[in-house]
Amino acid sequence: MKVALLQGGRSLERGVSLRSGQRVTEALLDLGHEVDVMDLGPELVTRLENNRPDVVFIALHGTEGEDGTVQALLELLDIPYTGPGVAACKRCMDKSLAKYILREHSLPTPDWVTYSEAAIRDFGAASTFGAAVDRVGLPLVAKPASGGSSLGVKVVTELEQIPNALITALSYDNRALLETWINGRELAVSVLGGDALPVVEAIPTDSNAYDFEARYEIGGA
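Residue numbers for the sequence shown follow this note's numbering, so the first one is 0 and each next one is one higher.
Just so you know, these hints were derived from the structure itself, not from any lab.
Just to be clear, a hint being listed does not mean it is correct.
Derived DMTMM-like pairs: lysine to aspartate or glutamate, alpha-carbon spacing no greater than 25 Å straight-line [what the hints assert, rightly or not]:
no., residue 1, residue 2
1, Lys-153, Glu-116
2, Lys-89, Asp-110
3, Lys-1, Asp-53
4, Lys-98, Asp-77
5, Lys-1, Glu-42
6, Lys-153, Asp-66
7, Lys-89, Glu-63
8, Lys-98, Glu-200
9, Lys-89, Asp-205
10, Lys-89, Glu-33
11, Lys-89, Asp-77
12, Lys-98, Asp-35
13, Lys-98, Glu-116
14, Lys-89, Glu-74
15, Lys-1, Asp-77
16, Lys-153, Glu-200
17, Lys-1, Glu-33
18, Lys-153, Asp-93
19, Lys-98, Glu-48
20, Lys-153, Asp-133
21, Lys-153, Glu-42
22, Lys-98, Glu-63
23, Lys-89, Glu-116
24, Lys-89, Asp-133
25, Lys-89, Asp-38
26, Lys-98, Asp-133
27, Lys-98, Asp-110
28, Lys-1, Asp-29
29, Lys-89, Glu-103
30, Lys-1, Glu-25
31, Lys-98, Asp-66
32, Lys-153, Glu-185
33, Lys-89, Asp-29
34, Lys-153, Asp-194
35, Lys-98, Glu-42
36, Lys-1, Glu-63
37, Lys-153, Asp-110
38, Lys-153, Asp-77
Using the sequences and the hints given, assemble the complete structure.
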(Lines of atoms letter the chains of each structure in order from A; the text may use other names.)
(Lines give C-alpha, C1' and ligand atoms only; values in the text may rest on other atoms or scores of the structure.)
Protein backbone atom coordinates (compact mmCIF):
# COMPACT_ATOMS: atom_id res chain seq x y z
CA MET A 0 0.00 0.00 0.00
CA LYS A 1 1.18 3.51 -0.81
CA VAL A 2 1.01 5.55 2.39
CA ALA A 3 1.65 9.27 2.81
CA LEU A 4 2.66 9.96 6.39
CA LEU A 5 2.01 13.48 7.67
CA GLN A 6 4.23 14.58 10.54
CA GLY A 7 5.72 17.72 12.05
CA GLY A 8 3.40 20.63 11.38
CA ARG A 9 3.57 24.08 12.89
CA SER A 10 2.08 23.53 16.33
CA LEU A 11 4.03 23.58 19.57
CA GLU A 12 3.76 19.80 19.57
CA ARG A 13 5.90 19.52 16.43
CA GLY A 14 8.69 17.64 18.19
CA VAL A 15 6.28 15.06 19.58
CA SER A 16 4.78 14.60 16.11
CA LEU A 17 8.19 14.02 14.53
CA ARG A 18 8.89 11.28 17.06
CA SER A 19 5.49 9.70 16.42
CA GLY A 20 6.05 9.91 12.67
CA GLN A 21 9.41 8.19 12.87
CA ARG A 22 8.00 5.26 14.82
CA VAL A 23 4.98 4.90 12.55
CA THR A 24 7.19 5.07 9.45
CA GLU A 25 9.40 2.28 10.79
CA ALA A 26 6.37 0.12 11.57
CA LEU A 27 4.80 0.68 8.13
CA LEU A 28 8.05 -0.14 6.35
CA ASP A 29 8.41 -3.32 8.41
CA LEU A 30 4.93 -4.31 7.22
CA GLY A 31 6.00 -3.86 3.60
CA HIS A 32 4.21 -0.61 2.80
CA GLU A 33 5.60 2.19 0.65
CA VAL A 34 5.88 5.33 2.79
CA ASP A 35 6.18 8.93 1.60
CA VAL A 36 6.90 11.16 4.61
CA MET A 37 5.49 14.69 4.34
CA ASP A 38 5.49 17.79 6.52
CA LEU A 39 2.90 20.56 6.45
CA GLY A 40 3.86 23.37 4.10
CA PRO A 41 3.02 25.19 0.84
CA GLU A 42 3.87 22.13 -1.30
CA LEU A 43 1.64 19.70 0.58
CA VAL A 44 -1.36 19.74 -1.76
CA THR A 45 0.84 19.51 -4.85
CA ARG A 46 2.72 16.51 -3.44
CA LEU A 47 -0.50 14.76 -2.47
CA GLU A 48 -2.05 15.36 -5.88
CA ASN A 49 1.07 14.21 -7.73
CA ASN A 50 1.70 11.12 -5.61
CA ARG A 51 -1.96 10.15 -4.93
CA PRO A 52 -1.40 7.88 -1.93
CA ASP A 53 -3.84 5.09 -1.12
CA VAL A 54 -4.19 6.53 2.36
CA VAL A 55 -2.73 9.31 4.51
CA PHE A 56 -1.53 8.35 7.97
CA ILE A 57 -1.90 11.44 10.17
CA ALA A 58 0.85 11.53 12.79
CA LEU A 59 0.33 15.22 13.51
CA HIS A 60 -0.25 16.58 17.00
CA GLY A 61 -1.97 19.81 18.03
CA THR A 62 -3.58 22.50 15.89
CA GLU A 63 -4.06 21.93 12.16
CA GLY A 64 -3.35 18.21 12.56
CA GLU A 65 -5.99 17.35 15.16
CA ASP A 66 -8.54 20.16 14.82
CA GLY A 67 -10.08 19.11 11.50
CA THR A 68 -8.01 21.40 9.27
CA VAL A 69 -5.96 18.69 7.56
CA GLN A 70 -8.88 16.27 7.61
CA ALA A 71 -11.10 18.72 5.71
CA LEU A 72 -8.35 19.26 3.14
CA LEU A 73 -7.91 15.53 2.58
CA GLU A 74 -11.66 15.07 2.16
CA LEU A 75 -11.64 17.83 -0.46
CA LEU A 76 -8.85 15.98 -2.26
CA ASP A 77 -10.81 12.71 -1.90
CA ILE A 78 -7.90 10.95 -0.19
CA PRO A 79 -8.68 8.49 2.65
CA TYR A 80 -6.98 9.18 5.97
CA THR A 81 -6.58 7.64 9.40
CA GLY A 82 -8.32 8.83 12.53
CA PRO A 83 -11.59 10.66 13.20
CA GLY A 84 -13.42 12.86 10.74
CA VAL A 85 -13.67 16.63 10.62
CA ALA A 86 -16.66 17.03 12.94
CA ALA A 87 -15.24 14.75 15.63
CA CYS A 88 -11.88 16.51 15.48
CA LYS A 89 -13.47 19.92 15.93
CA ARG A 90 -15.63 18.76 18.83
CA CYS A 91 -12.82 17.03 20.67
CA MET A 92 -9.99 19.49 20.07
CA ASP A 93 -11.96 22.24 21.81
CA LYS A 94 -12.02 21.07 25.43
CA SER A 95 -14.79 23.47 26.43
CA LEU A 96 -17.04 22.38 23.55
CA ALA A 97 -16.27 18.72 24.27
CA LYS A 98 -17.26 19.17 27.91
CA TYR A 99 -20.55 20.85 26.95
CA ILE A 100 -21.32 17.88 24.69
CA LEU A 101 -20.51 15.46 27.51
CA ARG A 102 -22.83 17.35 29.85
CA GLU A 103 -25.63 17.36 27.28
CA HIS A 104 -25.36 13.57 27.13
CA SER A 105 -25.38 13.23 30.95
CA LEU A 106 -21.75 12.12 31.04
CA PRO A 107 -19.82 13.34 34.11
CA THR A 108 -17.04 15.88 33.61
CA PRO A 109 -15.37 18.19 36.16
CA ASP A 110 -16.85 21.67 36.58
CA TRP A 111 -15.11 24.37 34.58
CA VAL A 112 -15.12 28.01 33.51
CA THR A 113 -13.81 29.18 30.13
CA TYR A 114 -12.00 32.50 29.72
CA SER A 115 -10.99 34.15 26.48
CA GLU A 116 -8.02 36.44 26.17
CA ALA A 117 -10.36 39.16 24.87
CA ALA A 118 -12.74 38.84 27.84
CA ILE A 119 -9.89 39.33 30.30
CA ARG A 120 -8.20 42.10 28.35
CA ASP A 121 -11.22 44.07 27.14
CA PHE A 122 -14.18 43.24 29.40
CA GLY A 123 -12.70 43.10 32.90
CA ALA A 124 -13.32 39.38 33.30
CA ALA A 125 -10.43 39.13 35.77
CA SER A 126 -12.81 40.43 38.44
CA THR A 127 -14.76 37.15 38.15
CA PHE A 128 -11.87 34.88 39.18
CA GLY A 129 -13.33 34.64 42.68
CA ALA A 130 -16.67 33.52 41.27
CA ALA A 131 -14.86 30.95 39.15
CA VAL A 132 -13.21 29.53 42.26
CA ASP A 133 -16.61 29.39 43.96
CA ARG A 134 -17.85 27.27 41.06
CA VAL A 135 -14.94 24.89 40.47
CA GLY A 136 -13.22 24.95 43.86
CA LEU A 137 -9.54 24.70 44.79
CA PRO A 138 -7.25 23.20 43.79
CA LEU A 139 -8.06 23.69 40.12
CA VAL A 140 -6.28 23.27 36.81
CA ALA A 141 -5.67 26.04 34.28
CA LYS A 142 -5.23 24.74 30.74
CA PRO A 143 -5.44 25.93 27.12
CA ALA A 144 -8.81 25.24 25.51
CA SER A 145 -7.08 23.49 22.61
CA GLY A 146 -3.87 21.53 22.24
CA GLY A 147 -2.39 18.57 24.02
CA SER A 148 0.72 17.08 25.61
CA SER A 149 -0.12 18.97 28.84
CA LEU A 150 1.50 22.12 27.40
CA GLY A 151 0.43 25.25 29.26
CA VAL A 152 -1.19 23.31 32.10
CA LYS A 153 -0.82 24.65 35.66
CA VAL A 154 -2.24 23.40 38.96
CA VAL A 155 -3.62 26.29 41.05
CA THR A 156 -3.97 26.02 44.82
CA GLU A 157 -4.71 29.68 45.67
CA LEU A 158 -6.86 32.39 44.09
CA GLU A 159 -3.83 34.66 43.70
CA GLN A 160 -2.18 32.12 41.38
CA ILE A 161 -4.92 32.30 38.74
CA PRO A 162 -3.64 35.34 36.76
CA ASN A 163 -0.20 33.84 36.16
CA ALA A 164 -1.67 30.41 35.41
CA LEU A 165 -4.00 31.94 32.81
CA ILE A 166 -1.15 33.94 31.29
CA THR A 167 0.66 30.63 30.76
CA ALA A 168 -2.41 28.86 29.35
CA LEU A 169 -3.31 31.78 27.07
CA SER A 170 0.19 31.81 25.62
CA TYR A 171 -0.80 28.53 23.92
CA ASP A 172 -4.35 29.43 22.87
CA ASN A 173 -6.68 32.43 22.91
CA ARG A 174 -9.03 30.65 25.34
CA ALA A 175 -8.33 28.79 28.57
CA LEU A 176 -10.21 26.67 31.09
CA LEU A 177 -10.23 26.72 34.86
CA GLU A 178 -11.29 23.20 35.77
CA THR A 179 -11.83 21.31 39.01
CA TRP A 180 -8.74 19.31 39.96
CA ILE A 181 -9.42 15.57 40.06
CA ASN A 182 -6.94 13.55 42.06
CA GLY A 183 -7.43 10.32 40.18
CA ARG A 184 -5.86 7.86 37.78
CA GLU A 185 -4.69 8.63 34.24
CA LEU A 186 -6.29 6.10 31.91
CA ALA A 187 -6.21 5.89 28.13
CA VAL A 188 -8.41 3.82 25.84
CA SER A 189 -7.55 3.71 22.15
CA VAL A 190 -10.28 2.92 19.63
CA LEU A 191 -9.29 1.23 16.37
CA GLY A 192 -11.91 0.74 13.69
CA GLY A 193 -14.69 1.02 16.25
CA ASP A 194 -13.14 -1.54 18.60
CA ALA A 195 -11.80 -0.46 21.98
CA LEU A 196 -8.29 -1.63 22.83
CA PRO A 197 -7.28 -2.56 26.40
CA VAL A 198 -7.16 0.19 29.02
CA VAL A 199 -3.68 1.59 29.70
CA GLU A 200 -2.81 3.42 32.92
CA ALA A 201 -0.04 6.02 33.06
CA ILE A 202 1.58 6.46 36.47
CA PRO A 203 3.93 9.48 36.72
CA THR A 204 7.24 8.64 38.39
CA ASP A 205 8.01 11.87 40.24
CA SER A 206 4.84 13.98 40.02
CA ASN A 207 1.15 13.87 40.85
CA ALA A 208 0.42 15.38 37.44
CA TYR A 209 0.85 13.69 34.08
CA ASP A 210 2.77 16.64 32.63
CA PHE A 211 4.87 16.99 29.48
CA GLU A 212 7.98 15.52 31.11
CA ALA A 213 6.07 12.56 32.52
CA ARG A 214 4.56 11.90 29.10
CA TYR A 215 7.65 12.00 26.95
CA GLU A 216 10.84 11.69 28.99
CA ILE A 217 12.30 8.22 29.43
CA GLY A 218 11.31 6.97 32.86
CA GLY A 219 8.80 9.79 33.35
CA ALA A 220 5.88 7.38 33.73
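Hints breached by this structure: Of the numbered hints, 4, 9, 10, 12, 19, 21, 24, 33, 34, 35, 38 do not hold.
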